Amino acid sequence: MPMLRYVLIGVDESEVAAYKEYLFGALHLWFIETPGNTTYRQLLSFPFSGAEYVFVRGHNYMVSQYLKAHQYENQVATVVISCTPKLILSEVPTLRNVFFCRTDSSGYAPTRYGEAFGFSFEITDSELDFYNNKGLPLDIQISKSFEKVR
Amino acid sequence: MKVKMLSSQGYSTDIQDYGDCILVDNGVEVLVYDCGSEAHAKRVEEYLRQRQIKKAIVVLSHNDDDHFKGIPYLVEQNLVSCVYTILFDQHIDELLAELNDGRRTHEGVRRAIEEIYDNVTDLAKNYDIPLVDTLTEPVLINDVTVIGPTKEYAIQALAQKIKDTDRIDHETVVNAVSVQISLISGIDHILLCGDSSFDAIEDILTSHKVVQLPHHGKPETAEQIFAKKRGENDAVYLVSDNKGNASGGSGELDVKGHNVLNTRNGDIEYPVKSTTLSGLYTGRTLGCLCCDMF
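If you read the protein sequences in the order shown, they are chains F and S.
Heads up, the first sequence is in numbering that gives the first Met the number 0, so the first residue is 0 and it goes up one at a time.
Heads up, the second sequence is in numbering that gives the first Met the number 0, so the first residue is 0 and it goes up one at a time.
It should be emphasised that the hints constitute simulated quantities derived from the structure, not laboratory data.
The structure displayed is predicted, hence computed values, not measured ones.
Yeah, the Cβ is synthetic: ideal placement off N, Cα and C, and Gly gets one too.
There may be inaccurate statements among the hints.
To be verified - Below, computed lysine-lysine pairings styled on BS3-like, alpha-carbon distance capped at 27 Å:
| # | chain 1 | residue 1 | chain 2 | residue 2 |
| --- | --- | --- | --- | --- |
| 1 | S | 255 | S | 1 |
| 2 | S | 228 | F | 147 |
| 3 | S | 227 | F | 143 |
Said to hold, decoys possible - On the chain S side, residues computed to face chain F include the following (Cβ under 7 Å):
| # | residue |
| --- | --- |
| 4 | 228 |
| 5 | 230 |
| 6 | 284 |
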């Protein structure tokens, strides 16, 4: 069973429960919040072992700072839910097997009103697709929902 | 173009099933797609009065009571110009060819049709109201057309019923061949499909942004539709489930991840007035103008 590290940057404590519920529905995995720091919150899937997948969600500057500071070496894949892939990737040139959420022609990742879809946070199209591709093997669920950029 | 799917919320709880009733208003004319109860019919009457429209066109998807029962009231109140539905008695030769059974006669098939569609037959007999066959007359009002079922599918299905097999594609035959209509609202295409089978609408789903989940949101069919339209996050699904405590099935439908509007929560209007329930983009993005920091 894989282990997922889901990093939420710039998210209030009140929204964490909404993400946990989203992740349980998408993956049928329980996530537990583990210590992050003042800039990010971290959810780890239980059990805390297995091949690691890292998801990082937030505004691009903070995401790139996080990825620079946390150069995981053994993760199977890194999924970035942010904007402007080129700028973020240029900050972490050694990161491999990277997926990015779908962005618009300007490189931004627009969000939809999550309430319409049963979620209590504003949600990107890739995250919606990830949820609706539930039940597929994780690698396929990721590749069908996000774009591989490296 | 406005679509209003009537909810039975607030109606008397004496009746279990108020059925479907959908108003289509193109600004000039009004079309009533099914009318499953007198309670719905009275609201249609009030709507037409407020719009100062004397008569509406009625489209009957199929003749089950929960789609038909309010139509006689509308006809009696002289609010209906004509009723569109599939008139199989105009296709007896084609049915005979499909049956391919030397024992059956033209008269025998006609009687079978009258029996299956007895309420429609009575409507024609008892009221001076024109009935129009949707298999041959697909144009309804401006920006609204009949889009299905195909004649081939309809004939094949009814022939099967006449032969004594009343199910096709996981639905009763009468449900499966529900008249489907397509509406244009701005740049959006809307599909209303009664209690259609998935097979009857599969090929037209991706060309419609807004889709009525057939048979009151029956989960098996809805899930097939969700799978077919996977990735279309702009899609909006409409459910007419006015079956009171006896849920039409939509109560068991897992709608998370999809934008589903249900009459169990009140009348549905499209275009959707509430921004947060529209499923539209917020105008905000992940990522910010601090790109300039690079």
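So, going through the hints one by one against the coordinates:
| no. | hint | result |
| --- | --- | --- |
| 1 | S:255 with S:1 | 26 Å, holds |
| 2 | S:228 with F:147 | 23 Å, holds |
| 3 | S:227 with F:143 | 15 Å, holds |
| 4 | 228 | 10 Å, violated |
| 5 | 230 | 6 Å, holds |
| 6 | 284 | 4 Å, holds |
Comparing the model with each numbered hint stated earlier shows that hint 4 is the single one that does not hold.
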